[in-house]
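Produce the complete structure using the sequences and hints provided.
Here's the letter readout for the chains.
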Amino acid sequence: MTWTWFHRLGSPPYVYALARRLTPWFGWSAALLMLAGLFGGLVLAPPDYQQGDGFRIIYVHAPTAWLSLMVYTWMGVAAAVGLIWRIKVAHAVAAACAPVGASFTAVALATGSLFGKPMWGTWWVWTPRLTSELLLLFLYLGYMGLRASFDDTQRADRASAVLAVVGIVNVPIVHYSVVWWNDLHQASSLTLAGKDTIATSMLGPLLVSLLGFTLYFGAILLVRLRAEILRRERSAAWIREALA
Amino acid sequence: MSGCILSAQNLHLWRAERHVLRGLSLAVRGGELLQLTGANGAGKTTLLRALCGLNHLEEGQVFWNERDVREDREGFHASLVYLGHEPPLKADLSGLENLTFWAGLRRRVTRAAVLEALTRTGAGEFAQRAVRTLSAGQRRRVALAGLILAAVPLWLLDEPTTNLDSRGQELVAALLDAHLAAGGLAIAAVHHRLAIEPARVRELNLSA
Amino acid sequence: MAQSPPPLTAPLAAARLVITRDLMLAFRRPEQLLHPLAFFALVATLFALALGPERATLRLIAPGVLWVAALLAALLALEFLFRDDSQDGTLEQYALSGQSLTWLLLGKTAAHWVLTGVPLALMAPLMGYTLGVPAAASLGIMLTVALGSLALSFIGSIGAALTLGARRGGVLLSILILPLAAPILIFGSRATELAIRGESYLAPMELLGSIVVLSFTLAPLAAAAAVRISLE
Numbered sequence: 179m180t181w182t183w184f185h186r187l188g189s190p191p192y193v194y195a196l197a198r199r200l201t202p203w204f205g206w207s208a209a210l211l212m213l214a215g216l217f218g219g220l221v222l223a224p225p226d227y228q229q230g231d232g233f234r235i236i237y238v239h240a241p242t243a244w245l246s247l248m249v250y251t252w253m254g255v256a257a258a259v260g261l262i263w264r265i266k267v268a269h270a271v272a273a274a275c276a277p278v279g280a281s282f283t284a285v286a287l288a289t290g291s292l293f294g295k296p297m298w299g300t301w302w303v304w305t306p307r308l309t310s311e312l313l314l315l316f317l318y319l320g321y322m323g324l325r326a327s328f329d330d331t332q333r334a335d336r337a338s339a340v341l342a343v344v345g346i347v348n349v350p351i352v353h354y355s356v357v358w359w360n361d362l363h364q365a366s367s368l369t370l371a372g373k374d375t376i377a378t379s380m381l382g383p384l385l386v387s388l389l390g391f392t393l394y395f396g397a398i399l400l401v402r403l404r405a406e407i408l409r410r411e412r413s414a415a416w417i418r419e420a421l422a
Numbered sequence: 016m017s018g019c020i021l022s023a024q025n026l027h028l029w030r031a032e033r034h035v036l037r038g039l040s041l042a043v044r045g046g047e048l049l050q051l052t053g054a055n056g057a058g059k060t061t062l063l064r065a066l067c068g069l070n071h072l073e074e075g076q077v078f079w080n081e082r083d084v085r086e087d088r089e090g091f092h093a094s095l096v097y098l099g100h101e102p103p104l105k106a107d108l109s110g111l112e113n114l115t116f117w118a119g120l121r122r123r124v125t126r127a128a129v130l131e132a133l134t135r136t137g138a139g140e141f142a143q144r145a146v147r148t149l150s151a152g153q154r155r156r157v158a159l160a161g162l163i164l165a166a167v168p169l170w171l172l173d174e175p176t177t178n179l180d181s182r183g184q185e186l187v188a189a190l191l192d193a194h195l196a197a198g199g200l201a202i203a204a205v206h207h208r209l210a211i212e213p214a215r216v217r218e219l220n221l222s223a
Numbered sequence: 058m059a060q061s062p063p064p065l066t067a068p069l070a071a072a073r074l075v076i077t078r079d080l081m082l083a084f085r086r087p088e089q090l091l092h093p094l095a096f097f098a099l100v101a102t103l104f105a106l107a108l109g110p111e112r113a114t115l116r117l118i119a120p121g122v123l124w125v126a127a128l129l130a131a132l133l134a135l136e137f138l139f140r141d142d143s144q145d146g147t148l149e150q151y152a153l154s155g156q157s158l159t160w161l162l163l164g165k166t167a168a169h170w171v172l173t174g175v176p177l178a179l180m181a182p183l184m185g186y187t188l189g190v191p192a193a194a195s196l197g198i199m200l201t202v203a204l205g206s207l208a209l210s211f212i213g214s215i216g217a218a219l220t221l222g223a224r225r226g227g228v229l230l231s232i233l234i235l236p237l238a239a240p241i242l243i244f245g246s247r248a249t250e251l252a253i254r255g256e257s258y259l260a261p262m263e264l265l266g267s268i269v270v271l272s273f274t275l276a277p278l279a280a281a282a283a284v285r286i287s288l289e
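Same order as they appear, the protein sequences are chains A, B and C. Counting from 1, position 119 in the first sequence corresponds to residue 297 in the working numbering; the numbering is continuous, with no gaps. Counting from 1, position 179 in the second sequence corresponds to residue 194 in the working numbering; the numbering is continuous, with no gaps. Counting from 1, position 159 in the third sequence corresponds to residue 216 in the working numbering; the numbering is continuous, with no gaps.
FYI, nobody ran anything at the bench for these hints, they're computed from the structure. For each residue, glycine too, the CB sits at the ideal point set by N, CA and C. Be careful, since some hints might not be right.
Claimed, not checked - Interface residues of chain A toward chain C, partial, derived using beta-carbon atoms under 7 angstroms:
{"#": "1", "residue": "VAL221"}
{"#": "2", "residue": "LEU317"}
{"#": "3", "residue": "GLY320"}
{"#": "4", "residue": "GLY323"}
{"#": "5", "residue": "SER327"}
{"#": "6", "residue": "ALA337"}
{"#": "7", "residue": "VAL340"}
{"#": "8", "residue": "LEU341"}
{"#": "9", "residue": "VAL344"}
{"#": "10", "residue": "VAL352"}
Right, dumping it as structure tokens:
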């Protein structure tokens with residue numbers, strides 16, 4: 179029984195219709211939760227005793243940073259599925275994820291830098307988190323660049339899928355090597371120890387915000403996935419019916 | 016070696032968005048040559064590469080001796096040799112060095128055996144000269160010696176007579192004759208029909 | 058055909074044949090081996106030109122400069138790992154040889170390291186000396202660069218295979234490989250720094266070693282998949 183469901187997920191028309199039905203659900207619940215999280219973070223939660231209101235950017239920074247990694251994982255899994263079982267829809271999912279993940283990474287970098295400015299006095303410091311995020315951004319850009327360099331969609335899909343899978347293996351290695359590197363060259367003024375313990379009053383809105391951003395990713399992914407399917411299947415017969 | 020059979024059922028293949036192979040089926044037995052004919056772009060090379068497993072088939076299966084080739088890809092490849100448009104000879108090495116390497120990848124081979132194969136294809140005189148110094152026809156003769164050395168039942172040839180004069184074309188026919196007589200099978204994409212005993216030859220026109 | 062044909066060549070023997078052939082081919086055109094070395098020297102020189110001849114400064118940045126230069130030179134050399142074989146149909150024949158493509162590519166990459174990484178490692182202390190590094194650190198520099206370039210060759214082989222036939226493959230290769238090469242750079246330059254200071258560089262070398270082991274077991278698999286994709 180579960181296999182037929184899985185098989186149907188490999189069919190572009192089915193996924194297209196499913197995505198269209200699910201998008202409003204994801205979209206509205208995302209909007210709701212993001213607003214709630216932002217309200218909780220910006221208004222309800224107390225200011226950090228050390229950093230004051232500047233700390234509040236964490237309600238955007240933490241979710242986007244977490245998502246930048248989650249989207250990469252999602253992209254890698256979809257790519258692996260497409261590679262192993264040759265399922266075109268999986269490749270479409272991976273292709274749709276990439277720019278979204280890259281954007282989240284860029285936002286995480288920007289907000290991380292905003293977050294650090296009051297504390298460090300400069301816009302950029304090579305902390306483990308920011309350095310890892312920067313390398314992750316390059317991984318995304320490399321993936322997108324590889325895709326763009328092939329005219330043949332199938333070849334682009336399969337080559338970038340290999341890259342995504344290799345990337346997944348490497349992300350933990352890269353991250354830990356950056357942490358090691360940072361510990362090594364630890365300048366005393368750069369400790370971020372204060373961020374580790376978060377009061378429960380701050381945790382609530384943070385989790386709500388996180389969930390909201392995740393649903394937002396889901397909504398965006400569904401929209402992009404439909405566009406991606408349209409582009410790939412443009413000469414297929416079912417498109418005309420679906421768009422009628 | 017006789018008793019080998021290569022068969023394919025309902026092959027579908029797309030190249031970019033062109034439906035090149037549409038439900039093609041074929042069977043070739045030991046002692047038979049299948050000639051693929053058709054205009055340029057009809058899909059002769061594509062079919063050969065699909066049978067090898069290089070091009071991915073959207074649909075359809077290829078069977079070698081009744082077994083699906085996807086089950087044992089390396090075993091299937093060990094039973095075939097594919098000779099494409101451009102023989103993969105390194106310009107800086109001699110014909111002898113090139114073939115010793117290629118044959119050696121499959122099984123251990125003696126220098127004498129390589130030289131003998133090169134002599135059989137008329138490449139003995141220039142076997143030890145760098146390939147860079149050889150003409151296209153001479154390189155083709157070196158490459159043909161590789162077929163003999165491979166010692167495999169299935170030959171997949173893409174325009175084997177390219178760059179060869181009439182004596183060279185007779186050579187190809189003679190090699191194929193010997194191969195088929197020993198029970199081997201071959202599929203060759205050709206522009207001009209090969210001069211082989213008609214009883215052993217079948218044709219598949221891909222433009223039709 | 059033969060009475061009973063000799064046994065099929067084992068994967069390791071096939072890999073050895075590939076290594077021998079690639080080495081033989083390279084020595085027929087030895088000039089090509091100099092290009093990465095010249096590039097390495099050039100990049101190190103550029104840093105010196107840009108930062109001034111003050112010995113103390115140069116000595117401070119020496120480990121970083123050596124590694125960035127080595128990394129860039131290795132990237133340059135990687136473009137040629139599969140290019141010739143892809144163009145003349147050798148890779149296609151490798152995929153059809155009945156041999157494990159993974160082993161064949163492992164052989165190719167190993168040969169590539171011997172031809173590019175080892176010379177870089179031998180040359181590194183020389184450039185280090187021009188940057189104010191004491192000659193006593195030569196062995197340490199050679200070992201660290203040798204090990205790091207080995208890992209680089211293997212990780213780079215994946216990128217080289219993926220960009221076969223891609224537009225502007227060279228620049229793309231750099232963008233693909235550099236993030237993946239960050240750990241090598243981090244551990245390698247640390248090891249070189251310690252070697253220059255005369256301290257024990259065992260810890261970063263062990264980390265580097267584990268990356269080497271990981272890359273030479275997994276990278277040929279990924280590279281083989283990428284090569285097959287390029288042949289489709």
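Tell me, which hint numbers fail for this structure?
-> 1
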